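Number of protein chains: 2
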Amino acid sequence: MNPLFSFNARTGEPLGEPLATSTPAQIDATVQAAHAAFDDWACSSGAQRAALLRHLADGLEAQREALVALADLETALGPVRLNGELDRTTFQLRRFADMAQRGEPFAVLDDPAVAGNPPVGHPAMQLHRMPLGPVAMFAASNFPFAFSVLGGDTASALAAGCPVVVKAHPGHPALSRLTFEIAERVLQSLGLPAGLIGLVQGAGVEVGVQLIRHPLIAAGAFTGSTRGGAALQAEANARPRPIPFYGELGSINPLIALPSALAARGAELASLLAGSITLGCGQFCTNPGLLVLVDGPETDTFVPQLAEALGALQPHPMLAAGMRKAFDTGVQAFIDAGAVPLLQGPGTGLAPGPQLLQVSAQRFIEAHALREEVFGPSSLIVRCDSLAQVQDVLAAVAGSLTVTIWGANEDTAEHRALVRAAMRIAGRVLFAGVPTGVAVTAAQHHGGPWPASTAPMTTSVGDAALQRFLRPVCLQDAPAWLLERAGRPC
Amino acid sequence: MNPLFSFNARTGEPLGEPLATSTPAQIDATVQAAHAAFDDWACSSGAQRAALLRHLADGLEAQREALVALADLETALGPVRLNGELDRTTFQLRRFADMAQRGEPFAVLDDPAVAGNPPVGHPAMQLHRMPLGPVAMFAASNFPFAFSVLGGDTASALAAGCPVVVKAHPGHPALSRLTFEIAERVLQSLGLPAGLIGLVQGAGVEVGVQLIRHPLIAAGAFTGSTRGGAALQAEANARPRPIPFYGELGSINPLIALPSALAARGAELASLLAGSITLGCGQFCTNPGLLVLVDGPETDTFVPQLAEALGALQPHPMLAAGMRKAFDTGVQAFIDAGAVPLLQGPGTGLAPGPQLLQVSAQRFIEAHALREEVFGPSSLIVRCDSLAQVQDVLAAVAGSLTVTIWGANEDTAEHRALVRAAMRIAGRVLFAGVPTGVAVTAAQHHGGPWPASTAPMTTSVGDAALQRFLRPVCLQDAPAWLLERAGRPC
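If you read the protein sequences in the order shown, they are chains Z and C. With the numbering used here applied, the first sequence corresponds to residues 1 to 490, in that order. With the numbering used here applied, the second sequence corresponds to residues 1 to 490, in that order.
What the hints contain is simulated information worked out from the structure, not anything from laboratory work. Being a predicted model, the structure only gives us computed values, none of them experimental. Even glycine gets a Cβ: it sits at the ideal position worked out from N, Cα and C. Please note: incorrect hints may appear among the correct ones.
With beta-carbon atoms standing in for the labels, derived distance ranges [said to hold, decoys possible]:
(1) Z:D28 to C:G338: 21 to 31 Å
(2) C:L313 to Z:E206: 46 to 56 Å
(3) Z:D385 to C:R213: 30 to 40 Å
(4) Z:V209 to C:F5: 38 to 48 Å
(5) Z:V120 to C:A263: 30 to 40 Å
(6) Z:V209 to C:E181: 49 to 59 Å
(7) Z:R102 to C:N8: 57 to 67 Å
(8) C:A395 to Z:V209: 20 to 30 Å
(9) Z:P18 to C:G116: 43 to 53 Å
Based on the sequences and whatever the hints tell you, model everything.
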């Protein structure tokens, strides 16, 4: 088993002694405590859930300075981004608090009895939603607040009435521990059981595998690599009793810049795009990794503009030394598969330089290797000879969190076909701006066909994330006392 | 590859020559035709979808006599049940037609732009639902109409905008063909592509496996055994690009008869229960296979009443000779695992006699083998010494389509705990009547934790079945022309 270290992300040096890895007995005890807390928490009121979530948000804000400093040390993401991410995290906690307070987890679909024989006649039925049980939450490396210990998965699961056992990401173990200690104090101050929010950690895969295999775990939520997510999903399915597994995996986020858009404001778009490709050192699941361009003079003008805008930017160091290595390997694999480098920023130390590559649509469609996600500040231009070929490129991508289309401003048959092709493979289709930056709203859908998500009908960001942890249960001919309790036998 | 025969279910004799098994080329051509029909059908209006579904219902009714006669020959389910099932099937088709006509597949969640910086500010977003694409539909043996060629899965997928390729069940191949020919004529009469509804068939597993592996298949829907469903789900997950798989598998449907209910009307309940256990020769996914009773004088009186009521009933022959054999094997496995037979109806030919067995709660919780579904007219009594032990029995069951509780008429802490335990493992909890008979309504939930379903958040019966085939897609900053088209680029 690998030892668990906290690393300085800018130097790659370990910060102090190795941290404790959760033992099998500790993991079991943490899940048992979550299970023990489940029955009461499933019966908690919306106000009780809201109070917990709001106190967690307050607790994070009260320690903002220490949290951001430690996060910056372990991730190198910088204080501006990290303060913004902390804002988003507390916003999420309070938004799910509001939903719980409004009673959304307790919504009932009432279906009164209809007299007569079937199929028309039927008994009185009511549809409720039951929290699933303890959720195993696998934190992401690239959002040390918003997709980590007290991130959106934890907030939505708690709002739904489920305890959570967090598998901390080994990329920021000290921050995970500090965040967890805030949660522990909040639970204690509210007189809630410590088992409601658990934490396990370790550098290797063993801890996560033991967690998802635990018979008392009722669901999994994961944000990370396709390989890691697929492995955990396979574990979830291989259990004697498989459980729902919500994995948000890799995505290459095609961005289609049509000639009309480039003609109108190519230079401005080049600058916007260069910023999106390098934002957070390209370490976003919505990073635009694929630029789909149509041959013509506008594209010929745009590509060097983009290369120049990109070349002027030097991203900050990556989250971890291993990621830098994986980034270089990924870029080289593209070159080996036939992509031509247009810009090869040299980078410095753990900070890679921006990379821009180009390949023909035909080659892209042939070569599976070119559809892999390269996590970091890199993008691959795919040159198409027609809008029809753009559709073929999208079909080859097959699954993505987002597709962005610039320039489909007129209602033409070609634009409609292009939008249909985009909607067929993506969870979100943008017509302006860049895909990085995922709003926490009612209509957000952060998911998509494989490999974007293991559960493309669900979202890990936005209000509907709550529904992942509630299972419909129909009550038929419920007795009067249960109806008076609105279907909650608590 | 096994040859495909139509069998007389009452005699086990083949009806004529072997039927053609779909070749790999035919399967591919059927899926290709479905794929070719997808883009247009996804763009069809609610009125167009409703017209197709209503004409399919009309087409079934126009041939009711021939369909029921052929179904009876191949399944032995009898004309009363089969006419009722045909009514349910046309009811489903028309109900999904109404939903399509009302525009339910095209519902939009509008999320206007909010000014300001994130996390509060966000662009204009709209949530739509996209049909998934061609659906592979695996028909069930035990519902030759309602879960077969034009059953609920097909109706809901078509209403959602998805073409369907049906894998016919080999238990009623001639009926499947006759039903399919009705569909073919309806499609032709409406000028719709034949590819919208395809049929493939074969006696072995090869045809189904090739179908679910086909790269142009976008989802699977299955009703049948745990083994068969788990194998197909594994295939769906092993694809280079996994797809959603909705499998409704085995269920043992615990029925808890509390002493108060038995004291009030034990004889009447014994008769009701005996009818439910033997209905359709016990070949229902909601058949009450587990009777959970609490030790005491009421139970001591009830058990012989039930054995007597059951012993007076002789079920009709099973759907197929292989099922009869599996039934006998399943009952024997229970005896081998420690269950004591209370009634061993001898049966005649392919018609099994009713079986009633009994075991202690402790033994039931220890022995996994006693939690297997025995498909047929059999039920296992589990004797508990307390209501707390009833909860332990439910926890051991872990997943079921239904749980029925008789006698929880007062609001007590014990009853509330029991209902919570039931809601934790079931998709539907009944407080009166028997679980057989699944109403097609808005609040129905026909699904549950494994092994009841591979997708416990979804239902295969009722209005929400439609949602299985629609994937959320968020449109961000959609252009005016697309908003004018209500987000449908058609």
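Hints, one by one, checked against the model:
| no. | hint | verdict |
| --- | --- | --- |
| 1 | Z:D28 to C:G338: 21 to 31 Å | holds, 30 Å |
| 2 | C:L313 to Z:E206: 46 to 56 Å | holds, 55 Å |
| 3 | Z:D385 to C:R213: 30 to 40 Å | holds, 32 Å |
| 4 | Z:V209 to C:F5: 38 to 48 Å | holds, 47 Å |
| 5 | Z:V120 to C:A263: 30 to 40 Å | holds, 35 Å |
| 6 | Z:V209 to C:E181: 49 to 59 Å | holds, 51 Å |
| 7 | Z:R102 to C:N8: 57 to 67 Å | holds, 59 Å |
| 8 | C:A395 to Z:V209: 20 to 30 Å | holds, 24 Å |
| 9 | Z:P18 to C:G116: 43 to 53 Å | holds, 44 Å |
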